[in-house]
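Peer 1: From first to last, the protein sequence lines stand for chains A and B.
Per the numbering used here, the very first residue in the first sequence carries number 53; after that it's consecutive.
Per the numbering used here, the very first residue in the second sequence carries number 224; after that it's consecutive.
I should point out that these hints are in silico values taken from the structure, not numbers from a laboratory.
Remember, it's a predicted structure, so these values are computed and weren't measured experimentally.
Do not take every clue at face value.
As the list claims (entries may be wrong) - Some chain A residues well away from chain B (every beta-carbon gap over 12 angstroms; in silico): (1) Val67; (2) Lys132; (3) Asp137.
To be verified - Just the calculated beta-carbon pair ranges, DEER-fashion: (4) A:Gln160 x B:Leu225: 24 to 30 angstroms; (5) A:Asp123 x B:Asn252: 25 to 31 angstroms; (6) A:Ile105 x B:His235: 43 to 49 angstroms; (7) A:Gly68 x B:Asn290: 47 to 53 angstroms; (8) B:Asn243 x A:Ile105: 40 to 46 angstroms.
Note that beta-carbon positions come from the ideal geometry of N, C-alpha and C, so glycine has one too.
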Amino acid sequence: SQTIHQWPATLVQPVGSPLSLECTVEGTSNPNLYWYRQAAGRGLQLLFYSVGIGQISSEVPQNLSASRPQDRQFILSSKKLLLSDSGFYLCAWNPGRSEKLFFGSGTQLSVL
Amino acid sequence: ILNVEQSPQSLHVQEGDSTNFTCSFPSSNFYALHWYRWETAKSPEALFVMTLNGDEKKKGRISATLNTKEGYSYLYIKGSQPEDSATYLCASHYGNQFYFGTGTSLTVIP
Numbered sequence: 053s054q055t056i057h058q059w060p061a062t063l064v065q066p067v068g069s070p071l072s073l074e075c076t077v078e079g080t081s082n083p084n085l086y087w088y089r090q091a092a093g094r095g096l097q098l099l100f101y102s103v104g105i106g107q108i109s110s111e112v113p114q115n116l117s118a119s120r121p122q123d124r125q126f127i128l129s130s131k132k133l134l135l136s137d138s139g140f141y142l143c144a145w146n147p148g149r150s151e152k153l154f155f156g157s158g159t160q161l162s163v164l
Numbered sequence: 224i225l226n227v228e229q230s231p232q233s234l235h236v237q238e239g240d241s242t243n244f245t246c247s248f249p250s251s252n253f254y255a256l257h258w259y260r261w262e263t264a265k266s267p268e269a270l271f272v273m274t275l276n277g278d279e280k281k282k283g284r285i286s287a288t289l290n291t292k293e294g295y296s297y298l299y300i301k302g303s304q305p306e307d308s309a310t311y312l313c314a315s316h317y318g319n320q321f322y323f324g325t326g327t328s329l330t331v332i333p
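Isolated chain A, as found in the complex (with noise of 0.2 angstroms):
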C-alpha cells in the first residue's frame, strides 16, 4: 500500500533562517506531488506542484522554493524565512490526473 511521510511536524524557526521541510511517498511511482499552506484563517493554497522529476510548476511567487530530486521526494525550501511564511504545511499526492489526493501529517512552522 502508498504511504506518505512527511517531518518535521512542528518547527519554530528565527526569521531570516533556512527552511528545508522533506516529503516522500512509497509504494507508487510517477505520483504527482504537492505542497500547500494554511495560513491562520485562511484555505489551503496551493503552493508547487510536480509532474514528474525536475518538474517543478509554481502557484504563487514568493520566498519559497520546491524541488524534486527523486521520483517520490518532494522538498520545500527558503532560503530566509519571512514572518509570513509561518502557516501549516501539507505535502500530498495523487497517482495521476483524474484522481484523489493523499495528504501527509503537515508541518506546523512558526517563524518569529
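Please build the complex by placing chain B on the supplied structure of chain A, with the hints as guidance.
Peer 2: Okay, now just chain B, sitting in the frame of chain A:
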C-alpha cells in the same frame, strides 16, 4: 489561481439534524470537484470525486451533488453525529492543479 468559495464558514448543529454546505467554483475548464473531510489532528481525507454535471455520490449518511454548468456543489449530511464534526473542504480540479475553498467547519452538539 482560481477562486473556490464555500459557505457557510462554520456551522453548529444538534445531533440528529441534517445539514448541507455549498461549494462554488469557476465552471470554465472544469475537470473535477473533490470533497474532503479534515478532522482535528488528522490529514484531510477524500470523500468524493465528481466529474459529470448532475453527478450524485453517496457514502453512508453523506452525499454530494454537482452542477458544472452553474459551478456549484452541495454536500449533505443526514442525521448528523458528533463524529461528523470536522472541516469539510471542496477542491476544484483543473489540469494538474487542485484549488481549495476555505472550508466549512461543522460542530455537531450531542
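Peer 1: Any hints this thing doesn't respect? Which numbers, in order?
Peer 2: none
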